[in-house]
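**Student:** Take 1 as the starting number for the sequence shown in UniProt numbering and just add one per residue.
Hints were generated in silico from the structure; no laboratory data involved. Honestly, I wouldn't trust all of these hints.
Claimed, not checked - Simulated DEER-style distance windows between Cβ atoms:
(1) S267 x D79: 34 to 42 Å
(2) D266 x D303: 31 to 39 Å
(3) G104 x A227: 35 to 43 Å
(4) G304 x D188: 20 to 28 Å
(5) Q222 x N270: 22 to 30 Å
For each residue, glycine too, the CB sits at the ideal point set by N, CA and C.
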Amino acid sequence: MAGQNRSAIRFRKSGRKSKKSGALVTVLVCILACVLVYFYDFDFSGGKQPGETVMPDGSAQVHYINVGQGDSELIISDDGSTMLIDAGEAEYGAAVVSYLESLGVTELDYIVATHPHSDHIGGLSGVLGSDIEVGVVITPEIPEEYTPTTKTYERFLDAVDEKGCTLTASSDASFEFGSGEITIIQPDYSGDNYNNYSTVVLFEFAGKSFLFTGDIEKSVEQDLIEAGYELDADVLKVPHHGSSTSSCYDFLDAVSPEYCVIECGDSSYNHPNPDTVTRLRSYTDKIYRTDNDGSVVFTCSADGLSVSAEGQG
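Whenever a hint applies, use it, and build me the whole structure from the sequences.
**Tutor:** Here it is, written out as structure tokens:
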């Protein structure tokens with residue numbers, strides 16, 4: 001990360017499940033898993049679950065989960081490490097849990113709550129209240145004078161307490177994530193615009209990279225560039241649902257994406273903004289929208305990058 005001191009922080013991971021003893025048990029479990037994968041057709045939001053239900057060996061997957069007008073992303077690395085970034089509005093919490101369970105995810109090593117708006121953290125209360133184990137929850141520290149007082153934020157904090165997991169204030173850090181690497185970037189912002197507190201996440205794996213941007217707006221995009229952060233990425237989660245407030249040309253120059261994913265839904269905001277889409281098309285025509293394409297899944301390996309979408313096929 002040019003121009004920044006990178007803390008060698010390894011957040012505490014929740015305990016992994018112990019290996020089952022006995023060859024017979026292992027064989028039976030493998031046979032049962034194969035049968036279930038072969039015969040069971042997972043369903044989410046009325047359609048087939050996109051992407052691979054079982055990841056190819058040595059690969060990682062990034063899921064952009066369709067939660068309407070909101071954000072939710074899941075990263076699964078090659079060793080099974082998992083990170084969930086946001087979970088949409090509260091009404092989508094159960095759907096996100098179902099999505100995770102359909103993939104066999106029973107444990108989340110990390111949850112990143114990018115910022116305290118309901119269309120990002122609302123559904124996390126449902127995830128935290130489920131049977132899915134959670135290790136660490138990462139969220140930006142907001143100055144006391146700007147501390148949110150919404151019921152959504154209070155429910156989120158209560159759910160973290162009840163889960164008994166570790167709550168960590170996000171700060172610049174990087175750590176191994178399977179064979180890949182996660183970089184956490186925390187904007188240096190103080191004010192009453194919660195969008196600009198959004199924790200930014202960069203996931204790098206097998207020579208490919210994915211940038212997750214929450215709802216950062218143009219001023220913070222410029223701040224990140226001026227601070228010298230490495231923002232280049234193959235796949236960009238377009239900031240703020242494709243709003244006119246974000247995705248300035250300088251930022252897109254720094255990212256230079258091959259793919260863009262806009263997470264948006266039917267709302268009065270009319271996201272994405274047409275001018276923003278025009279700017280994106282200056283860099284790539286490979287633009288996915290969850291309102292049109294449903295959930296979008298990227299599979300990444302040494303062989304390259306592939307993508308599938310719920311609305312295709």
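**Student:** Are the hints correct? Go through all of them and say.
**Tutor:** Evaluated hints:
In this structure, S267 and D79 meet the distance hint of 34 to 42 Å, their C-beta atoms being roughly 38 Å apart. A hinted range of 31 to 39 Å holds for the C-beta pair D266 and D303, which are about 37 Å apart. Checked against the hint of 35 to 43 Å, the C-beta distance between G104 and A227 comes to roughly 39 Å, which is consistent with it. As the Cβ distance of G304 to D188 is approximately 35 Å, the hint placing it in 20 to 28 Å is violated.
Here the CB-CB span from Q222 to N270 is close to 25 Å, well matched to the stated 22 to 30 Å.
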